[in-house]
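A.B. asks: Going down the list, the protein sequences come from chains A and B. Using my numbering, the letters of the first sequence correspond one by one to residues 1 to 114. Using my numbering, the letters of the second sequence correspond one by one to residues 115 to 227.
Rather than coming from a laboratory, the hints here were simulated on the basis of the structure. For clarity, every value in this text was computed on a predicted model and none was experimentally measured. Backbone N, C-alpha and C define an ideal beta-carbon position, used for all residues, glycine too. Treat the hints with caution; some may be incorrect.
[To be verified] Per the computed footprint, the stretches of chain B lying under chain A, defined by three or more beta-carbons under 8 Å from a beta-carbon of chain A, are:
1) 154-167
2) 216-227
[Said to hold, decoys possible] Derived DMTMM-like pairs: lysine to aspartate or glutamate, alpha-carbon spacing no greater than 25 Å straight-line:
3) B:K151 - A:E59
4) B:K168 - B:E210
5) B:K182 - A:D98
6) B:K185 - B:E172
7) B:K119 - A:E101
8) A:K102 - B:D173
9) A:K9 - B:E156
10) B:K182 - B:D145
11) B:K119 - A:D98
12) A:K71 - B:E210
13) B:K214 - A:D38
14) B:K214 - A:E101
15) B:K185 - A:E59
[What the hints assert, rightly or not] Restraint-style ranges between C-beta atoms, simulated for each label pair:
16) A:T15 - B:R131: 40 to 50 Å
17) B:R224 - A:L114: 26 to 36 Å
18) B:Q117 - A:T54: 18 to 28 Å
19) A:S112 - B:Q116: 20 to 30 Å
20) A:G63 - B:T140: 23 to 33 Å
21) B:E172 - A:E79: 45 to 55 Å
22) A:G63 - B:V192: 39 to 49 Å
23) B:K168 - A:L69: 37 to 47 Å
24) A:S107 - B:Q195: 15 to 25 Å
25) A:T54 - B:T159: 22 to 32 Å
26) A:T20 - B:A155: 18 to 28 Å
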Amino acid sequence: NAGVTQTPKFQVLKTGQSMTLQCAQDMNHNSMYWYRQDPGMGLRLIYYSASEGTTDKGEVPNGYNVSRLNKREFSLRLESAAPSQTSVYFCASSISRDLYEKLFFGSGTQLSVL
Amino acid sequence: DQQVKQNSPSLSVQEGRISILNCDYTNSMFDYFLWYKKYPAEGPTFLISISSIKDKNEDGRFTVFLNKSAKHLSLHIVPSQPGDSAVYFCAAARMEYGNKLVFGAGTILRVKS
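Taking the hints into account, I'd like the entire structure generated from these sequences.
C.D. replies: Here it is as structure tokens:
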């Protein structure tokens, strides 16, 4: 019963390096999301995908790109990492984008950019 | 400017007593509110929600109260148990935007046995 799986769990990058955070869900959910969590702030939405083949910007999309590879997988890419992107990243999924559909979160990726 | 605020970074409560976690919001267009709970090294999990047409919703030991005029909601946990020790996030949403949630910064709850 994996739910939402994120890889890697930890990553250290140097400024300017690129990397992709992977996320996969096995609940046959249509919608997927990427959030970041910073100290003293709530989770902020980076990008979301309402359904396979669609992606939209959230509250803080700058510096990121996403790919909805298929129904199961939604990746987040940092093309040129900056120290301001040091954060904990959470992937989530839901059955649909309906207001009443709760989000299921992965356990997070702790990213440090030096 | 944070639209959802949890002004208490932490709260410590004795086992068996009531825990009250508070949340304020500034955007009167929010019409759905949720609480998520997070344990260390895990992702947040849904706890309870309330629609703006209600002022109370109860689920076992957890009750959420909504005061729309004050733009305030609270989560009551009665009785508190050591396993309730976690970070609690308040979140809000607007019907027209679906489940694009706006989260507060969280409150760390410690229940002492």
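A.B. asks: Please list, smallest to largest, the hint numbers that this structure does not respect.
C.D. replies: Hint check: nothing fails, all pass.
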